[in-house]
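Participant: Protein sequences appear in the order of chains A and B. Going by the UniProt record's numbering, the first residue of the first sequence is number 1, and it counts up by one from there. Going by the UniProt record's numbering, the first residue of the second sequence is number 1, and it counts up by one from there.
Among the clues, some could well be false.
Same chains, same label: a pair holds when it works inside one copy or across any pair of copies.
As the list claims (entries may be wrong) - Here are the simulated lysine-lysine pairs, DSS-like style, with alpha carbons at most 25 Å apart:
hint : residue 1 : residue 2
1    : K44       : K165
2    : K5        : K97
3    : K71       : K5
4    : K333      : K376
5    : K5        : K26
6    : K333      : K26
7    : K164      : K97
8    : K71       : K60
9    : K165      : K333
10   : K71       : K376
11   : K376      : K206
12   : K165      : K60
13   : K165      : K97
14   : K44       : K71
15   : K333      : K97
16   : K5        : K206
It is worth saying that the hints were derived from the structure and are not from the lab. Computed from a predicted model, the values in this text were never measured in an experiment.
What follows is the residue order along each chain.
There are 2 protein chains.
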Amino acid sequence: MDHLKQTFAVRFTYTVFFTEQLFDTKNLLFADFFRQQAADKLAKPILFVLDAGVTEAHPKLAASITTYLAKHTAFTPELLTVPGGEAAKNDPALVEKIVDAVDRFGIDRHAYVVAVGGGSVLDLVGYAAAISHRGIRHIRIPTTVLSQNDSGVGVKNGVNYRHKKNFLGTFAPPVAVFNDSQFLTTLDDRDWRSGISEAVKVALIKDATFFNWLETNAQALAHRDRAAMDYLIHQCAQLHLQHIAGGDPFEMGSSRPLDFGHWSAHKLEQLTNFSLRHGEAVAIGIALDTLYSQQLGWLDETDTNRILSTLRTLGFNLYHPMLDADDSAGLLKGLSEFREHLGGQLTIMLLEGIGRGVEVHDMDNERIRQSIATLKESNDLTYNVLETL
Amino acid sequence: MDHLKQTFAVRFTYTVFFTEQLFDTKNLLFADFFRQQAADKLAKPILFVLDAGVTEAHPKLAASITTYLAKHTAFTPELLTVPGGEAAKNDPALVEKIVDAVDRFGIDRHAYVVAVGGGSVLDLVGYAAAISHRGIRHIRIPTTVLSQNDSGVGVKNGVNYRHKKNFLGTFAPPVAVFNDSQFLTTLDDRDWRSGISEAVKVALIKDATFFNWLETNAQALAHRDRAAMDYLIHQCAQLHLQHIAGGDPFEMGSSRPLDFGHWSAHKLEQLTNFSLRHGEAVAIGIALDTLYSQQLGWLDETDTNRILSTLRTLGFNLYHPMLDADDSAGLLKGLSEFREHLGGQLTIMLLEGIGRGVEVHDMDNERIRQSIATLKESNDLTYNVLETL
Ligand SMILES: NC(=O)c1ccc[n+]([C@@H]2O[C@H](COP(=O)([O-])OP(=O)(O)OC[C@H]3O[C@@H](n4cnc5c(N)ncnc54)[C@H](O)[C@@H]3O)[C@@H](O)[C@H]2O)c1
Ligand SMILES: NC(=O)c1ccc[n+]([C@@H]2O[C@H](COP(=O)([O-])OP(=O)(O)OC[C@H]3O[C@@H](n4cnc5c(N)ncnc54)[C@H](O)[C@@H]3O)[C@@H](O)[C@H]2O)c1
Ligand SMILES: [Zn+2]
Ligand SMILES: [Zn+2]
Numbered sequence: 001m002d003h004l005k006q007t008f009a010v011r012f013t014y015t016v017f018f019t020e021q022l023f024d025t026k027n028l029l030f031a032d033f034f035r036q037q038a039a040d041k042l043a044k045p046i047l048f049v050l051d052a053g054v055t056e057a058h059p060k061l062a063a064s065i066t067t068y069l070a071k072h073t074a075f076t077p078e079l080l081t082v083p084g085g086e087a088a089k090n091d092p093a094l095v096e097k098i099v100d101a102v103d104r105f106g107i108d109r110h111a112y113v114v115a116v117g118g119g120s121v122l123d124l125v126g127y128a129a130a131i132s133h134r135g136i137r138h139i140r141i142p143t144t145v146l147s148q149n150d151s152g153v154g155v156k157n158g159v160n161y162r163h164k165k166n167f168l169g170t171f172a173p174p175v176a177v178f179n180d181s182q183f184l185t186t187l188d189d190r191d192w193r194s195g196i197s198e199a200v201k202v203a204l205i206k207d208a209t210f211f212n213w214l215e216t217n218a219q220a221l222a223h224r225d226r227a228a229m230d231y232l233i234h235q236c237a238q239l240h241l242q243h244i245a246g247g248d249p250f251e252m253g254s255s256r257p258l259d260f261g262h263w264s265a266h267k268l269e270q271l272t273n274f275s276l277r278h279g280e281a282v283a284i285g286i287a288l289d290t291l292y293s294q295q296l297g298w299l300d301e302t303d304t305n306r307i308l309s310t311l312r313t314l315g316f317n318l319y320h321p322m323l324d325a326d327d328s329a330g331l332l333k334g335l336s337e338f339r340e341h342l343g344g345q346l347t348i349m350l351l352e353g354i355g356r357g358v359e360v361h362d363m364d365n366e367r368i369r370q371s372i373a374t375l376k377e378s379n380d381l382t383y384n385v386l387e388t389l
Numbered sequence: 001m002d003h004l005k006q007t008f009a010v011r012f013t014y015t016v017f018f019t020e021q022l023f024d025t026k027n028l029l030f031a032d033f034f035r036q037q038a039a040d041k042l043a044k045p046i047l048f049v050l051d052a053g054v055t056e057a058h059p060k061l062a063a064s065i066t067t068y069l070a071k072h073t074a075f076t077p078e079l080l081t082v083p084g085g086e087a088a089k090n091d092p093a094l095v096e097k098i099v100d101a102v103d104r105f106g107i108d109r110h111a112y113v114v115a116v117g118g119g120s121v122l123d124l125v126g127y128a129a130a131i132s133h134r135g136i137r138h139i140r141i142p143t144t145v146l147s148q149n150d151s152g153v154g155v156k157n158g159v160n161y162r163h164k165k166n167f168l169g170t171f172a173p174p175v176a177v178f179n180d181s182q183f184l185t186t187l188d189d190r191d192w193r194s195g196i197s198e199a200v201k202v203a204l205i206k207d208a209t210f211f212n213w214l215e216t217n218a219q220a221l222a223h224r225d226r227a228a229m230d231y232l233i234h235q236c237a238q239l240h241l242q243h244i245a246g247g248d249p250f251e252m253g254s255s256r257p258l259d260f261g262h263w264s265a266h267k268l269e270q271l272t273n274f275s276l277r278h279g280e281a282v283a284i285g286i287a288l289d290t291l292y293s294q295q296l297g298w299l300d301e302t303d304t305n306r307i308l309s310t311l312r313t314l315g316f317n318l319y320h321p322m323l324d325a326d327d328s329a330g331l332l333k334g335l336s337e338f339r340e341h342l343g344g345q346l347t348i349m350l351l352e353g354i355g356r357g358v359e360v361h362d363m364d365n366e367r368i369r370q371s372i373a374t375l376k377e378s379n380d381l382t383y384n385v386l387e388t389l
């Protein structure tokens, strides 16, 4: 039969900057970025969408942005504030609100939308930017640990539809990311800690040296040492970027090998009605798949214990009662749903050593139950010790 | 300052098939395509979205699809019908309707959405597919000349927002396109003719031999010769695919050099409240920029006349009273809007010969007025001749 074959490649490039006090008028980083963009020749509007949780913790933010742009650029900022957290992704009216602002302020493919906030607000704004005019230029300023070291430097966006996570979304790289460590000082402890589990995840499957560093600095990180966090974010962002560039950036294949510890984490988030933060669930998921890898004889006892105790030193609780939910609704159900979602063949990342992830295509229910039991026991033990003290 | 640079390329590939009677059970093309996709191993739902104008003209279509899939594949078709024409792109409820179907029928990234219809329905369905689950696999079955030779084989989709054309949309290549020439038999004359101007456009800027063929076959095409149309669509689709692959597929730069004759066409469509079909406006736009190129001395009189008379033989009327709309609202206004949209620098395609497009960065208002006057005169002449007869 007659046919024509089409093939082409599209190249994407962007920079992730690390800085402090991005909108301090003495910090020229943001201004220089625009100076280097040809588009700066014209005075253009630029739309900022701010996370309400961030403006609350940083009440002078909006004023600083306005002052900074007036002093250093030809842009007029238009500011919009949206609720932070998962709420940002659950309300379709917020997508509409951003698209409406794009329309009203005349933001076209030569202008910019800048999102300042946690992963949720970045996901929302990235989505609205990606669908407006077939993609307007989009800058991310992540303000949480998770978004600075993982989600905010990547290529995905999305919102929920009827409470289904990321049901609507696209793959759309930003034109730049600015990580300002100053923002992290106002995070609450759970959000600070949560983002660290993505670093543990990526270290375990890719970089033993980074894991050693995490082990050594777990105490400092738990006590909110900023220098340690700066290093962690830089390393983790770099590994994440490498993973994207070296793999399948738009996930057109079917495996998702960076998601170590995530198959159970996703189900746990759901089972706990999202009372567990993503990172808290991931810490448990990592512990579970670490114990599973040990049962296979791939990890020795020393390494297994190093991983579990690093997670505990970071402050994570590695057991949750929902781990013992009934098989028909619990984790094992989650595993079969995930298999189905992948089109019948499972791909799960396990460890054959610290820093060495390996893919497997099935998991044994009995071994999963055994890993859960071990987590429960050591949790009971911890509580018993605490009670004895 | 500290930074990380991210660069990667994403490869896209798809096939455009040419056939007749795609859903005749004896035609194995469609079934073979699925057999070659790994995903066929599982019985999956597959969502068909049908253009109501097409199902009206082809009342047995839905039944044929169901019969065909039952006989040749493991897929269960879910059918949805939506209004055809621009109405498909003006109603936000239709995007919602398709997303809802994706959700209800459990269409995931391993399943397919198939759009059957004109360019409008393809744009709508392509958009809904692109935003669902960050992009589900999407197959196009274009049913008009325009969509078979141009829009349907390309990488863009979109819907209107507050009646602004393609305000929402993405770049998202299909996984396959099936051009079935049988569909074209039921088009009305204006739709049949309209799509031909994209072929004239691409021939004039890229392929003199193809223009010679169009000139020779203009009469046959005007009289709805199917073999001539099959050849036209194949050639034009091929040139369009080459243009995309060789250029800037996702239009991340700023020039849009394939759009010969389009700067004025877009404005004319708007000025006539879309009573002119896109292709009818493009025919006028081509005539205008041809005369402009002649005034610059780039085209000789013979070639200019060959172009104009080919368009007339095809049945296009090359004058519309709105060409003489007041400068402040008319074509010249459109030009300055377009300049602004491009960020200050205009890029317009003109001709320095048949088959040889060339980009310029400004146009002279006086010469544009002169080209309009010439079109008007020859139109009056045509009518005078008709009246004399
Ligand atoms: N796109 C991706 O690739 C990707 C990857 C992983 C996770 N995610 C998404 O990221 C989201 C989670 O993001 P998150 O962990 O950054 O949390 P978040 O965005 O949900 O924010 C949590 C809370 O912190 C507040 N906040 C944000 N920055 C603050 C600051 N500097 N000071 C004080 N408060 C602040 C917010 O207002 C919110 O109330 C989820 O929706 C998840 O699906 C996306
Ligand atoms: N995505 C792109 O790259 C791109 C490029 C150019 C144009 N477009 C868009 O394409 C649209 C125009 O598409 P079009 O010219 O194909 O027209 P159309 O889709 O608007 O259809 C015109 C009419 O023909 C009917 N119809 C369709 N197929 C038929 C058939 N086989 N028999 C009888 N009736 C049939 C439709 O129901 C409709 O009433 C515009 O919205 C334009 O913006 C998109
Ligand atoms: Zn994660
Ligand atoms: Zn066109």
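Participant: Indicate, hint by hint, whether the structure satisfies it.
Facilitator: Checked hints:
In the homo-oligomer, the alpha carbons of K44 and K165 lie at most 25 Å apart only across protomers (22 Å), although the nearest pairing inside one protomer, at 35 Å, exceeds that limit. Proximity of K5 to K97 under the C-alpha cut-off of 25 Å is found in neither arrangement, the shortest distances being 40 Å within a copy and 32 Å between copies. Taking the shortest alpha-carbon separations for K71 and K5, neither the intra-copy value of 52 Å nor the inter-copy value of 27 Å comes in at or below 25 Å. Proximity of K333 to K376 under the C-alpha cut-off of 25 Å is restricted to the intra-copy arrangement: shortest distance 19 Å within a copy versus 72 Å between copies.
In the homo-oligomer, the alpha carbons of K5 and K26 lie at most 25 Å apart only across protomers (24 Å), although the nearest pairing inside one protomer, at 53 Å, exceeds that limit. With identical chains, the CA atoms of K333 and K26 are never at most 25 Å apart, being 54 Å at best within one copy and 43 Å at best between copies. For a Cα distance limit of 25 Å, the shortest separation of K164 from K97 qualifies both inside one copy, at 21 Å, and across copies, at 16 Å. For the identical chains of this complex, K71 and K60 are intra-copy neighbours only, at 16 Å inside a copy versus 66 Å across copies, given an alpha-carbon limit of 25 Å.
In this assembly of identical chains, K165 and K333 lie within 25 Å of each other by CA distance solely inside one copy; the values are 18 Å within and 45 Å between copies. Taking CA atoms no more than 25 Å apart as the test, K71 paired with K376 passes in neither setting, with 58 Å inside one copy and 53 Å between copies. For the identical chains of this complex, K376 and K206 are neighbours neither inside a copy (28 Å) nor across copies (70 Å), given an alpha-carbon limit of 25 Å. In this assembly of identical chains, the alpha carbons of K165 and K60 never lie at most 25 Å apart, being 32 Å within a copy and 39 Å across copies at closest.
Taking the shortest alpha-carbon separations for K165 and K97, both the intra-copy value of 20 Å and the inter-copy value of 19 Å come in at or below 25 Å. Within a single copy, K44 and K71 get their C-alpha atoms as close as 15 Å, which meets the 25 Å cut-off; across copies the closest is 58 Å, which misses it. With identical chains, the CA atoms of K333 and K97 are never at most 25 Å apart, being 38 Å at best within one copy and 30 Å at best between copies. In the homo-oligomer, the alpha carbons of K5 and K206 lie at most 25 Å apart only across protomers (19 Å), although the nearest pairing inside one protomer, at 37 Å, exceeds that limit.
Against the hints set out earlier in the document, violations occur for numbers 2, 3, 6, 10, 11, 12 and 15.
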